[in-house]
Every structure is written in structure tokens, then in C-alpha cells.
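**Q** Here is how the chains run, residue by residue.
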Amino acid sequence: MSISTLTKTRGGVGESVRRVDGVPKVKGEFQFGSDLWAEGMLWGHTLRSPHPHALIHSINVAGALALPGVHAVLLAGDVPGKKCFGLEFADQPVLAGDRVRYAGEPVAILAAVDPETARRAAAQIVVDYEVLPPVTDMEAALLPDAPRLHEYGNVLRHVRIVHGDPDAAAEVWVEGYYETAMQDQAFLGPESGMAIPSSDGGVDLYVATQWLHVDREQVAPCLNLPAEKVRVHLSGVGGAFGAREDVSMHVHACMLALRTGKPVKMVYGREESFFGHVHRHPSRIWMRHGATREGRLVSVRARLLLDGGAYSSSGSAVIGNASTFAAGPYEVPNALIEGTRVFTNNPPCGAMRGFGAVQVCFAYEAQMDKLAKALGMDPVALRLRNALKTGSALPTGQIIQGSAPVREVIERCAAIPMPAAIPMPDAVSMPKEEGGRRDRLSYPGGAGNVSRGEALRRGVGFAVGYKNIAYSDGFDDSSEARVKLFAGSSGPIAEVHSAAAEVGQGVHTVLAQIARTELGVEHVVLHPSDTLVGSAGSTSASRQTMMSGGAVQLACQAIREELFDRVRLRAGMGDAPLVPDGALTLEGGMVLAGGVPVGPIEAYLDEPIERTRVYHHRPTRAMDAMGQGDPHVSFAFAAQRAVVEVDEELGLVRVVQIATAQDVGRAINPQAVYGQIEGGTAMGLGFALMEEVQVREGRILNASYTDYLIPTILDMPPVEAVLVEEPEPGAPYGVKGVGEPPTVVSTAAIVAALRDATGRALNRVPVRPDDLIGLTQPAASAGPPPAPDVPGPKAVPHYWGLTHGQGTLMEPE
Amino acid sequence: MLIRLKVNGEWHTADAEPQASLLYVLREHLGLLGTKNGCEQGECGACSVWLDGEMVCSCLVLAAQAHEREVRTVEALAGPEGLHPVQEAFLEAGAVQCGFCTPGLVVAAADLLARNPSPDEATVREALSGNLCRCTGYVKILDAVRLASERLRGRTA
Numbered sequence: 001m002s003i004s005t006l007t008k009t010r011g012g013v014g015e016s017v018r019r020v021d022g023v024p025k026v027k028g029e030f031q032f033g034s035d036l037w038a039e040g041m042l043w044g045h046t047l048r049s050p051h052p053h054a055l056i057h058s059i060n061v062a063g064a065l066a067l068p069g070v071h072a073v074l075l076a077g078d079v080p081g082k083k084c085f086g087l088e089f090a091d092q093p094v095l096a097g098d099r100v101r102y103a104g105e106p107v108a109i110l111a112a113v114d115p116e117t118a119r120r121a122a123a124q125i126v127v128d129y130e131v132l133p134p135v136t137d138m139e140a141a142l143l144p145d146a147p148r149l150h151e152y153g154n155v156l157r158h159v160r161i162v163h164g165d166p167d168a169a170a171e172v173w174v175e176g177y178y179e180t181a182m183q184d185q186a187f188l189g190p191e192s193g194m195a196i197p198s199s200d201g202g203v204d205l206y207v208a209t210q211w212l213h214v215d216r217e218q219v220a221p222c223l224n225l226p227a228e229k230v231r232v233h234l235s236g237v238g239g240a241f242g243a244r245e246d247v248s249m250h251v252h253a254c255m256l257a258l259r260t261g262k263p264v265k266m267v268y269g270r271e272e273s274f275f276g277h278v279h280r281h282p283s284r285i286w287m288r289h290g291a292t293r294e295g296r297l298v299s300v301r302a303r304l305l306l307d308g309g310a311y312s313s314s315g316s317a318v319i320g321n322a323s324t325f326a327a328g329p330y331e332v333p334n335a336l337i338e339g340t341r342v343f344t345n346n347p348p349c350g351a352m353r354g355f356g357a358v359q360v361c362f363a364y365e366a367q368m369d370k371l372a373k374a375l376g377m378d379p380v381a382l383r384l385r386n387a388l389k390t391g392s393a394l395p396t397g398q399i400i401q402g403s404a405p406v407r408e409v410i411e412r413c414a415a416i417p418m419p420a421a422i423p424m425p426d427a428v429s430m431p432k433e434e435g436g437r438r439d440r441l442s443y444p445g446g447a448g449n450v451s452r453g454e455a456l457r458r459g460v461g462f463a464v465g466y467k468n469i470a471y472s473d474g475f476d477d478s479s480e481a482r483v484k485l486f487a488g489s490s491g492p493i494a495e496v497h498s499a500a501a502e503v504g505q506g507v508h509t510v511l512a513q514i515a516r517t518e519l520g521v522e523h524v525v526l527h528p529s530d531t532l533v534g535s536a537g538s539t540s541a542s543r544q545t546m547m548s549g550g551a552v553q554l555a556c557q558a559i560r561e562e563l564f565d566r567v568r569l570r571a572g573m574g575d576a577p578l579v580p581d582g583a584l585t586l587e588g589g590m591v592l593a594g595g596v597p598v599g600p601i602e603a604y605l606d607e608p609i610e611r612t613r614v615y616h617h618r619p620t621r622a623m624d625a626m627g628q629g630d631p632h633v634s635f636a637f638a639a640q641r642a643v644v645e646v647d648e649e650l651g652l653v654r655v656v657q658i659a660t661a662q663d664v665g666r667a668i669n670p671q672a673v674y675g676q677i678e679g680g681t682a683m684g685l686g687f688a689l690m691e692e693v694q695v696r697e698g699r700i701l702n703a704s705y706t707d708y709l710i711p712t713i714l715d716m717p718p719v720e721a722v723l724v725e726e727p728e729p730g731a732p733y734g735v736k737g738v739g740e741p742p743t744v745v746s747t748a749a750i751v752a753a754l755r756d757a758t759g760r761a762l763n764r765v766p767v768r769p770d771d772l773i774g775l776t777q778p779a780a781s782a783g784p785p786p787a788p789d790v791p792g793p794k795a796v797p798h799y800w801g802l803t804h805g806q807g808t809l810m811e812p813e
Numbered sequence: 001m002l003i004r005l006k007v008n009g010e011w012h013t014a015d016a017e018p019q020a021s022l023l024y025v026l027r028e029h030l031g032l033l034g035t036k037n038g039c040e041q042g043e044c045g046a047c048s049v050w051l052d053g054e055m056v057c058s059c060l061v062l063a064a065q066a067h068e069r070e071v072r073t074v075e076a077l078a079g080p081e082g083l084h085p086v087q088e089a090f091l092e093a094g095a096v097q098c099g100f101c102t103p104g105l106v107v108a109a110a111d112l113l114a115r116n117p118s119p120d121e122a123t124v125r126e127a128l129s130g131n132l133c134r135c136t137g138y139v140k141i142l143d144a145v146r147l148a149s150e151r152l153r154g155r156t157a
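Sequence order for the protein chains is A and B. Take the first sequence: its letters are residues 1 to 813, numbered as in the working numbering. Take the second sequence: its letters are residues 1 to 157, numbered as in the working numbering.
Keep in mind that the hints are not guaranteed to be accurate.
[Claimed, not checked] Calculated pairs, EDC-like style, for lysine to aspartate or glutamate (alpha carbon to alpha carbon, straight line, at most 20 Å): (1) B:6 with B:17; (2) A:262 with B:28; (3) A:83 with B:17; (4) A:262 with A:78; (5) A:27 with B:143; (6) A:8 with A:756; (7) B:6 with B:28; (8) A:27 with B:75; (9) A:370 with A:562; (10) A:82 with B:68; (11) A:229 with A:200; (12) A:484 with A:408; (13) A:370 with A:116; (14) B:6 with B:75; (15) A:27 with B:17; (16) A:27 with B:88; (17) B:6 with B:120; (18) A:389 with A:331; (19) A:27 with B:10; (20) A:373 with A:171; (21) A:27 with B:15; (22) A:370 with A:522; (23) A:373 with A:756; (24) A:82 with A:98; (25) A:484 with A:439.
Read the hints as simulated data drawn from the structure, not as lab findings.
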């Protein structure tokens with residue numbers, strides 16, 4: 001009788017379903033790391049160096065310890081195990097010992113009964129510094145007499161990619177020099193977590209992070225504890241964008257908890273957050289593009305310099321990415337690309353949404369526009385003529401095996417209707433209702449624009465870019481997931497246990513959708529994410545939907561096999577009717593044979609079924625000394641068109657519209673995909689127009705939301721987005737990650753529109769008002785620095801035998 | 001110092017330091033963690049609450065200023081009958097990602113719609129310009145406010 005009531009499983013793959021954590025989030029009940037509380041807990045606090053480069057001769061903590069309410073003050077000598085941590089190389093001290101390398105480096109930590117007592121105690125610590133001259137310029141860091149940040153010098157990695165004949169002759173050449181500033185992820189919820197000592201001598205760390213297992217991999221050795229005694233649990237994450245890839249307060253909170261025997265909570269304020277995480281690498285980029293008169297690219301020469309600040313972080317991978325993407329999403333038969341990631345006494349830089357692809361996209365798309373102008377060609381037509389496609393060879397020699405709908409994203413983006421013409425305020429005397437002066441709030445700068453709109457100019461810019469999905473260079477960043485199917489009181493329930501960090505992007509919702517589709521069960525619950533299940537890899541590199549999604553799909557498929565065995569076994573015993581040769585499927589809580597329901601799923605769940613599976617992406621191969629290899633798993637492409645208005649006298653900008661088409665493979669949750677595109681675009685808009693961590697002599701000048709500006713709702717234009725769904729072969733459901741491509745392209749598109757509006761070169765982001773009205777000259781350079789004399793192609797510390805921080809989790813091949 | 005304040009209909013007394021903000025007292029003394037601390041400078045709006053019916057950044061209000069006054073927080077928005085229409089609309093429109101800005105934004109949106117049930121887009125943008133969101137790009141937040149406005153008007157019509 002249930003046959004006629006069979007319904008499709010709701011909330012599965014391809015549906016715009018509501019977030020699994022949505023209700024607690026709108027009610028303010030969702031527990032972020034900063035909301036953690038435990039009986040008797042203490043507050044941790046960090047004392048940081050005010051100097052970018054100094055020796056530490058002594059630290060006197062007596063005054064701090066004497067304050068009532070202070071439970072512990074710890075220094076470098078108190079670190080129980082390994083003194084340093086790091087994602088790629090363990091070169092970053094848990095606490096500075098005899099030397100600090102950046103302003104903001106942690107020097108001492110303490111635990112007190114409340115935050116105010118902790119602050120006062122920190123002020124009582126006396127550090128005797130001997131200030132050293134810092135190196136704060138990325139080119140100066142390469143000079144032979146520059147102060148050395150590390151014993152092996154100031155170069156983390158130099159990448160050299162030689163493709164075809166880099167000296168090939170071309171008919172038309174354009175060249176350019178570009179700079180990008182330091183950008184901050186500026187997530188809303190600052191670094192936070194709590195460490196709770198356990199009776200086994202270990203510790204439970206609840207922390208807002210992007211990769212639980214790599215945290216444990218770094219934290220446990222510093223605590224001199226075996227990995228199993230450091231249990232890391234995901235607390236609510238208030239945004240990440242790369243800033244939570246590195247360890248921040250993790251080891252500190254654990255040290256204080258183990259020392260005091262009490263739970264210790266640490267929460268950074270906004271100012272401290274600017275010192276508590278890595279930033280987007282500032283860059284200097286020199287490019288030369290050669291083409292035929294018909295507009296076919298012949299050669300690209302690129303020299304990249306990234307300022308990584310004091311430590312390695314993920315810089316080796318960032319320069320790898322920047323270098324491999326430097327020629328853009330175009331077929332380039334000949335190329336010479338050299339990228340260097342240097343150390344300075346600036347704040348450390350590492351991962352941020354786009355991961356090296358953002359900086360080079362800004363440069364190569366400016367070059368494509370220059371080339372179009374030199375050729376007298378339409379910029380969109382030039383891009384179409386050179387667009388990559390499946391089967392194209394990249395400068396690394398990698399052949400694109402997966403989908404590469406570059407032509408489609410360009411054409412579909414260009415086809416999006418332009419915004420309605422806004423009446424320009426030329427007829428200032430005409431009443432607004434007669435089409436004359438428009439609402440002043442719609443001028444660039446809004447209420448801040450005191451003009452009559454005499455100097456408004458409109459511009460249109462176009463950009464295409466791409467980004468790799470998942471980790472590269474031979475790493476097997478696999479993802480594990482455990483799924484349990486059991487009978488609940490009102491039907492079957494699937495429980496998904498994954499360590500994939502939900503950072504706001506919606507991966508937990510996606511995992512639930514996949515379980516629904518694979519198991520035909522609507523009721524899915526998410527087990528809290530922790531290290532009691534295997535690594536999910538990082539919530540980075542736009543990889544979790546593909547990787548952890550793939551792991552959940554595999555686990556569900558294994559459950560299905562067991563379930564179907566039970567169905568067949570029972571049918572064989574004549575217990576239930578079963579179409580003998582009909583394929584078994586699951587839908588709407590029912591088992592179907594040949595499309596005909598044979599019984600509810602829970603009827604076969606006397607015993608729950610639990611399966612754990614690991615998803616691996618296809619193997620990749622690291623670049624060799626000539627930059628040749630098969631480094632990337634797959635690629636996602638995006639095109640954006642920006643329409644801007646510039647007030648040429650006031651230097652104010654209003655972005656009128658963003659049109660975009662993005663290669664997403666397959667949208668598991670379309671509404672969330674659009675959300676990623678809109679949010680990623682906002683971050684690119686911020687980088688184009690306002691976002692810069694201003695660093696002078698190694699010190700951050702604007703460590704606050706008052707002085708570091710991010711886009712508000714007044715800055716964001718409508719985003720007209722089109723999803724191009726061309727499934728990626730071999731990926732679950734054909735998915736591609738979606739978070740990063742919008743950030744890669746939007747900065748380039750917006751600045752192209754500003755150039756179109758003003759006719760100015762604008763070769764540095766963020767573009768400042770002074771740049772738009774000609775008060776400043778374009779960023780200038782005397783030419784690229786010579787290639788450093790370092791062993792290659794891997795990171796230099798590798799050749800010095802330094803430990804690899806990601807160790808057993810991500811063994812290079 | 002002892003501070004007595006009415007929060008979400010109930011009187012509380014907190015023994016707070018003189019320099020403590022209202023935000024600190026709400027979170028650390030009263031355990032009302034829905035109100036978030038994003039910047040401590042009144043820039044991000046994550047700490048938005050109502051003080052005697054007027055929306056304020058609770059990080060910029062001294063707790064002492066709230067003495068003998070009435071505070072309403074995000075925790076009071078949803079009634080026993082379910083979510084506030086603004087909260088419902090945020091879920092439906094996909095306006096929530098990491099959710100850290102969300103409590104402040106739903107407070108700001110509810111405040112706007114209580115004063116002006118049919119705001120045009122420019123008014124919505126102006127009203128929410130003190131609330132930073134780093135995840136969504138605000139597009140779906142605008143959708144959510146539009147949706148909530150329609151719903152609220154439908155309800156009163």
C-alpha cells in the first residue's frame with residue numbers, strides 16, 4: 001500500500017536546501033569559538049613584540065606573576081616539546097626565544113581569571129630587546145648584504161617554468177609592471193578556542209580552524225604529547241578564507257591549560273587578529289606578452305616576487321600557484337615564468353582565498369587588455385581567441401584532462417545584459433523626475449560625494465581567470481568520512497562523521513545532501529567534526545565539496561552494497577517480494593527493485609550499517625627543475641565583467657554591476673554556489689578598491705576595522721551570475737570547487753573598468769582615490785631582480801633537511 | 001560596580017568593572033552569547049542590541065550607561081511561535097554563511113522593518129551599512145530583507 005506514496009528524496013544533490021546550521025545561526029545560538037565556556041576556565045593572553053626585528057636579552061615576568069588572578073606566565077623555555085611549528089616547514093617559534101622576526105610575534109603567554117586581569121598582567125612583563133635593522137622591502141631582501149631572516153637566507157622558494165622557446169619572436173609585444181598590496185582575510189569572528197586538560201595527561205582543543213588534523217600534527221609535537229592525546233574539535237568558525245590554515249592560539253591555549261590544569265580560553269580582539277594570522281602575499285610582477293598580429297599569443301615572460309614576511313607558512317605552495325597560473329587561462333606556446341617567494345621582517349603571509357592566483361590574474365588580465373589595445377582588437381575577442389580548452393597544454397607541460405569551458409564562461413558572461421543606462425547628471429538644472437539630476441546617493445561615494453556629478457565617467461572591464469581545485473604538486477590530500485545508517489523511531493537516519501571544517505561555506509549541508517541522494521534518506525545528522533575520524537584535509541583550495549563530498553559518496557555506496565545484500569538475502573528466504581532481476585535503488589526512504597518499492601529502508605536495519613571511506617583525487621606530479629610536471633588536479637574558470645562609475649575629480653568609485661559566468665562543474669546546492677560567487681566577488685572588490693594592510697617599517701598601521709576597510713552593503717553592486725555546468729570527469733557528480741574563482745577575477749575586472757573609465761594605467765591594487773585623479777604616478781620599477789642563486793625547484797628549507805610540518809598527513813610523492 | 005538592567009524582559013544585576021562595555025556584561029556576566037564581538041570599535045555591527053528601544057552597538061555603550069534601562073537582544077527575536085520573519089527570510093534567502101554577523105544583521109533588519117515596513121533598496125542599504133559581512137557579499141541579505149518586508153506587510157494587510 002505504500003507503493004503509491006513513493007516520493008523522491010527531498011533535500012538531495014542539486015537542490016537549493018537550507019543550511020544545516022541555519023536556525024541556530026539566525027537565533028544567535030550557534031556556538032562560535034569565542035562563545036565557549038567551561039566551569040573554572042581561565043583567559044589566555046598573548047604578549048607580542050612591538051619590533052619587527054630584535055634580539056631578546058631577557059624577559060622579567062615577576063610583575064605579572066605577582067598580580068592576583070594570574071595563574072601562569074609562560075615563555076619560550078616553557079614549550080614542552082618542539083619549539084617551532086609550521087604548515088610546510090616548522091620554522092615559526094611557538095614563542096620567540098632569543099629573536100623576534102616580525103612586529104606582533106608572540107613573546108609570552110599568560111592565563112588569568114578574566115580578560116582585564118590578563119591584559120594588566122601582560123603590561124607588567126618587561127622584555128629587554130636589542131632592536132636590529134629590519135629588512136622590509138621584498139627586493140632589498142634579495143640583496144647580498146640584506147639581514148638574513150633564516151640561516152639559509154631570505155628565499156623560501158624560487159620556481160622556474162620554461163615552456164617551448166621563451167625567445168620565440170612575436171609581432172606585437174606589450175609589457176607591464178604590477179603591484180598588489182597585502183590583503184587581510186578580515187573574517188568577522190576573530191581567532192578563538194579553548195583547551196581543556198584531560199585526566200590522561202592530554203588535552204582537548206576546541207578551535208575555529210580549517211583543518212583539524214594538520215593542527216594536531218603541529219600542536220602535539222610542541223606539547224611533547226602523542227597525537228592521540230591531543231583531540232582537536234571544531235568549534236563554530238566565524239569565516240576563514242585561508243587565515244585559519246596556520247596555527248594561531250592553539251599551542252598557547254594548550255600549554256596554559258596543561259600548566260594550570262584548568263580550561264583556558266583564548267579569543268583575539270580585532271587588532272590582535274591582524275597579528276594573529278597570515279595575510280595575502282604582496283606582490284611585484286613584471287610581464288611581457290608577445291602575440292601575432294591576428295592576436296594569437298606567442299610568448300609570455302613573467303617575473304614574480306612575493307613578500308612572505310618572516311616565516312614559511314604555506315608560501316612555497318603560494319609561489320608555486322602564482323607561477324603556474326601566471327600565463328592566464330590561455331594557450332601560450334612559449335613561456336618563461338620565474339617566481340620567488342622571499343622572507344622579510346614584515347608580517348607573515350600565507351593562504352588567502354585565491355592563493356597566488358589573484359595576484360597574477362590582476363597582472364595577466366591587464367596585459368591582455370594592453371595587448372588588445374595594441375592590436376586594435378576587442379578585449380573579449382582576444383580572450384576567446386586564446387582560451388584554454390580540454391586538451392590544452394599549460395606552461396608546466398600539464399595537459400588539461402578535465403573540463404575547461406573557458407570559451408563558455410567568456411561568452412556567457414559577455415552575453416549578460418548590461419545594466420540599464422543611468423541618466424548622467426549633465427542636465428543639472430532639470431528636475432530629477434524629468435530625467436535630470438539623479439539621486440545623489442547613487443553617485444560614487446554616496447552621501448560623501450558633494451559634487452553635482454559633473455565628473456562622472458563610466459567604464460567597463462572584463463577579466464577571465466582560473467584556479468586549481470585541491471592541493472597540488474604530488475600531494476595526496478585525501479579525505480575520510482564515516483557514515484552510519486540506522487533505524488530511528490520515525491524512519492531511517494544517516495549520520496555523517498567528517499572532520500571537514502565548516503567555515504561558513506556550507507560543506508556540512510553539502511555532505512548531508514550527498515548522503516540523502518546516495519541513501520534515499522531525508523533525515524541526515526552531522527556528527528560534530530573532530531579528530532576521532534580520519535583527516536578530511538583542509539577546508540582550502542576549493543576542495544571540500546569534491547574531496548569530503550567524494551568520501552561521503554563512497555561511504556554511502558558501501559552502505560548501499562551491504563543494505564542490498566540484506567535485501568537480496570531476505571528475498572532469497574522468501575521473506576519479501578522482490579523483482580528478481582530489477583536493479584536495487586534507494587529513494588524516499590524505500591528500497592526499490594527495478595523501480596518498484598519492495599519495502600522501507602529501516603526494515604533492513606535491525607543492525608546499523610557503518611562504513612568509513614577515503615576519497616583520493618587523481619595523482620599529480622610536482623614540477624621539475626624546468627617547471628615541467630603535472631602539478632594540478634583540476635581547474636575552475638570564471639569570467640567577470642564589471643561596470644563602474646568613477647568621479648574623476650574626487651577619485652570616488654561606484655561599482656554599478658558585476659556580471660559573471662563561472663565553471664562550477666555541477667552545483668550541489670545552487671543557492672550556496674551563488675552565495676560563494678557573490679561573497680568571493682565582494683572580497684575581490686575590496687582588494688580592487690580599498691583593502692590594504694598598510695605596513696611601514698614592518699609595522700601594521702591599520703589593524704582595525706576602522707582603518708582596514710572592507711566592503712559594506714553600500715559598496716556591493718548587484719551580481720548577475722550564470723553557472724556553467726560542465727561536469728568534471730572523475731569528480732563526484734562532476735563537481736568543482738566554487739569559492740575561489742570569483743575572488744581571482746573580480747579584482748582584475750574592476751580595475752580594468754576603472755582604466756576604461758579614466759584612461760589611467762592603474763597598475764597597483766588597491767586603487768586609491770589619488771591614483772584615479774592623477775595625484776600619484778603609476779607604481780614604477782627599474783626592472784625585475786635577477787633570479788636568486790638557490791637550489792630548486794623545491795622550497796629551499798627542503799634542501800637543508802628541515803622538517804615538513806604537514807608530515808605524515810600529506811607526504812609528497 | 002553593581003549594574004541593574006532589564007534584559008529581554010528580565011531584571012539582572014551584574015558586578016562589572018567600571019570600564020566594562022554593555023557587550024561584555026551581556027556576554028560574560030549574563031551568558032547571552034548571541035550578541036557578537038567583531039571589532040570593539042562600533043564598525044562591524046555584530047554586537048547590535050536595542051537599548052530602550054534604540055539600536056546601539058553594545059561594544060560602544062558602557063555597561064554603566066545601561067543601568068536601570070531595558071536591553072533587548074537577538075535572543076528575544078524569535079517568539080514561542082517560531083522564528084521572527086527576518087530570521088526566517090535570512091534562512092530562505094541564503095543570507096547566512098559563517099553566521100557571525102547574522103545576529104547583528106537580523107537585529108538591524110528587524111529594527112529597520114519595525115520603523116519602515118516597506119523600505120526601498122537604497123534605504124535598506126543605508127540602514128544596514130553599519131553591519132559588516134565578509135562571507136555573502138550582501139546580495140542575499142538584501143534579498144532576505146525584501147522577503148521579510150513582503151511577509152510582514154502581508155501579515156498586517
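**Q** Now tell me, hint by hint, if it's right for this structure.
**A** Hint check:
| no. | hint | verdict |
| --- | --- | --- |
| 1 | B:6 with B:17 | holds (18 Å) |
| 2 | A:262 with B:28 | holds (18 Å) |
| 3 | A:83 with B:17 | violated (38 Å) |
| 4 | A:262 with A:78 | holds (17 Å) |
| 5 | A:27 with B:143 | holds (19 Å) |
| 6 | A:8 with A:756 | violated (51 Å) |
| 7 | B:6 with B:28 | holds (16 Å) |
| 8 | A:27 with B:75 | holds (6 Å) |
| 9 | A:370 with A:562 | violated (60 Å) |
| 10 | A:82 with B:68 | violated (53 Å) |
| 11 | A:229 with A:200 | holds (8 Å) |
| 12 | A:484 with A:408 | violated (40 Å) |
| 13 | A:370 with A:116 | violated (56 Å) |
| 14 | B:6 with B:75 | holds (14 Å) |
| 15 | A:27 with B:17 | violated (29 Å) |
| 16 | A:27 with B:88 | holds (10 Å) |
| 17 | B:6 with B:120 | violated (34 Å) |
| 18 | A:389 with A:331 | holds (8 Å) |
| 19 | A:27 with B:10 | holds (19 Å) |
| 20 | A:373 with A:171 | holds (14 Å) |
| 21 | A:27 with B:15 | violated (27 Å) |
| 22 | A:370 with A:522 | violated (53 Å) |
| 23 | A:373 with A:756 | holds (11 Å) |
| 24 | A:82 with A:98 | holds (16 Å) |
| 25 | A:484 with A:439 | violated (58 Å) |
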